Amino acid sequence: MNIWERILQIDRRYIFLLIGISGAIPIIMSFSLPTFVTPEVRGVYNAIDALPEGAMVLVSFDYEPSAMPEMDPMAKAILRHIFGRGLKVVGVTLIPYGTGIGEELFVAMEREFNLKQGVDYDFLGYKPGYQAVVLGLGQDLKGSFPKNFYEQDTRTVPILKDINSLRDFDYMMWLHDDAYGGYGWIIYGRQNYGIDIGSGCTAILATGMYPFLQAEQVTGIVGGLKGAAEYEKLMGYTGSARLGMVAQSSIHVMIIGLILLGNIAFILSKRKPKKEPSG
Amino acid sequence: MGFFKRQLPMIIVSVVGFLMIVSYFSPAPFLQGMFTGANEWVQIIANFALVIGVFSLMRAHYIKIKRKEAGYGYSIVMYICLIFMTFVGLALERNIKSGGVFMWMFKWVNTPLTMTTFSLLAFYIASAAYRAFRARTFDATVMLVGALILMIGRVPLGAMLSDFVHQQITVTQIIPGLPEMAGWLLSVPAMAARRAIFLGLAVGIVATSLRILFGIERTYMGGGD
Chain H
1 MNIWERILQI DRRYIFLLIG ISGAIPIIMS FSLPTFVTPE VRGVYNAIDA
51 LPEGAMVLVS FDYEPSAMPE MDPMAKAILR HIFGRGLKVV GVTLIPYGTG
101 IGEELFVAME REFNLKQGVD YDFLGYKPGY QAVVLGLGQD LKGSFPKNFY
151 EQDTRTVPIL KDINSLRDFD YMMWLHDDAY GGYGWIIYGR QNYGIDIGSG
201 CTAILATGMY PFLQAEQVTG IVGGLKGAAE YEKLMGYTGS ARLGMVAQSS
251 IHVMIIGLIL LGNIAFILSK RKPKKEPSG
Chain C
1 MGFFKRQLPM IIVSVVGFLM IVSYFSPAPF LQGMFTGANE WVQIIANFAL
51 VIGVFSLMRA HYIKIKRKEA GYGYSIVMYI CLIFMTFVGL ALERNIKSGG
101 VFMWMFKWVN TPLTMTTFSL LAFYIASAAY RAFRARTFDA TVMLVGALIL
151 MIGRVPLGAM LSDFVHQQIT VTQIIPGLPE MAGWLLSVPA MAARRAIFLG
201 LAVGIVATSL RILFGIERTY MGGGD
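Line by line, the protein sequences are chains H and C.
Last residue of the first sequence? That's 279 in the working numbering, and every number before it is there in order.
Last residue of the second sequence? That's 225 in the working numbering, and every number before it is there in order.
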């Protein structure tokens, strides 16, 4: 077995070690890299920025804790933008995990912006049924959610006084790590009730959102940690997304290096050794 | 008996299905009211489905424990967690809020565990990429080049690298930068493929729905015919 064949059969634990080191070093050394804002992210930012003070924004927290390292920095940056501009937020979720995620984010924002639940924001919580929930919110919000996450009667919550349907919202931010309910927010929320939607999703899902962006069914896409880093740049602060992007860049370079090494070894190991001259 | 088992469910499905289609497109108050009512039913049934899901999970793990199958210890852990969280959620904290036991468990137990499991993917993906991304054929080479451009073009380093090359070698400015190449890959070939999948799915859903409404597709009733 020559050296190239050995490289091809390298123990995967060495690869794990290299990935671990390439992710840890930039975080420990606190490197920084410039962030370039893409039109997709600017689409969401501009849509929120154009809303008048006091406008109503619906935020759906449709992601699981496994996606939190990628999604939470994005959710925080977007919520900071929304609350910083004096907009009102109503939260909801189509998945059970979304209740814990939404509640934690609202509590963090409440402290940061001195908000009042029921006046500046409200959280409807979770209801099973995916598309049925979207349709229910479109037809009769208070009928669909008679009580909010805090067990309060939604008919008595001040922020919901003039909100009866999805049509009463000025914008919607869909934070998601999957297409829960087969893109119900777009199919029914956008198409039936005309709500403008911004998508904030995991990087792996971003590719699937491009057809909706081109069809103008979403105003923009904030995709993964990269999108979150771009949003942080637009907001003018360096948060965990921009710091995390350095580690992600380093890991990407390491994977590219490993793939190239694997291909060089693959090509060279196939080469037949030159025949010894006979005689 | 055959009528109640076969024909009646089919008639109900067909009548309700066609009425739902008509009410979706019609602004008539009677049909809109029916559509709202049906939607409420769906949400109520979805709640029951959750309960059935929990019981199904408990049953599957109970069988595993009873038979002492491999890894049955994890099933015991599942039971302990399920009972504990249900007790906290229903008995201790009627109103789940930040700062309580339920949210503490969610934040400091559930979240770190799921995040850790998910983050392990990075290591396995790196290992799999090292072994799978080989330029064996033309198709594999195209995929390899596309993956490399996307990986470097989607991080700040790609933009820095492109800028550096463009500044150092002026003639390369006619070639788009790595982020632009990655953006093109996402918004043209990847999107075209995605759109084709979406359209295929939509046509498939329409076809299957019509088959169910016309009684051609009957597998949802069981029996396999």
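Mixed in with the good hints, there may be bad ones.
The list that follows gives simulated cross-link-like pairs (lysine-lysine, DSBU-like), each with its CA atoms no further than 35 angstroms apart [stated by the list, open to error]:
#  : chain 1 : residue 1 : chain 2 : residue 2
1  : H       : 142       : H       : 127
2  : C       : 64        : H       : 161
3  : C       : 64        : C       : 5
4  : H       : 116       : H       : 142
5  : C       : 64        : H       : 116
6  : C       : 97        : H       : 116
7  : H       : 142       : H       : 161
8  : H       : 142       : C       : 97
9  : H       : 116       : H       : 147
10 : C       : 64        : H       : 127
11 : H       : 161       : C       : 97
12 : C       : 5         : C       : 68
13 : C       : 64        : H       : 233
Keep in mind that the hints were calculated from the coordinates and are not lab data.
In this text the structure is predicted, and so the values were computed from the model without any measurement.
Consistency of the hints with the structure:
1. H:142 <-> H:127: holds, 13 angstroms
2. C:64 <-> H:161: violated, 51 angstroms
3. C:64 <-> C:5: holds, 34 angstroms
4. H:116 <-> H:142: holds, 20 angstroms
5. C:64 <-> H:116: Measuring from Cα to Cα gives roughly 48 angstroms; hence the hint is violated.
6. C:97 <-> H:116: Holds - the C-alpha atoms of residue 116 of chain H and residue 97 of chain C are around 15 angstroms apart, at most 35 angstroms.
7. H:142 <-> H:161: holds, 10 angstroms
8. H:142 <-> C:97: With Cα atoms ~21 angstroms apart, residue 142 of chain H and residue 97 of chain C stay inside 35 angstroms; holds.
9. H:116 <-> H:147: holds, 18 angstroms
10. C:64 <-> H:127: Measuring from Cα to Cα gives roughly 31 angstroms; hence the hint holds.
11. H:161 <-> C:97: holds, 23 angstroms
12. C:5 <-> C:68: Not OK: residue 5 of chain C and residue 68 of chain C at ~39 angstroms, beyond 35 angstroms, violated.
13. C:64 <-> H:233: Given pair residue 64 of chain C, residue 233 of chain H is violated - Cα atoms ~51 angstroms apart, limit 35 angstroms.
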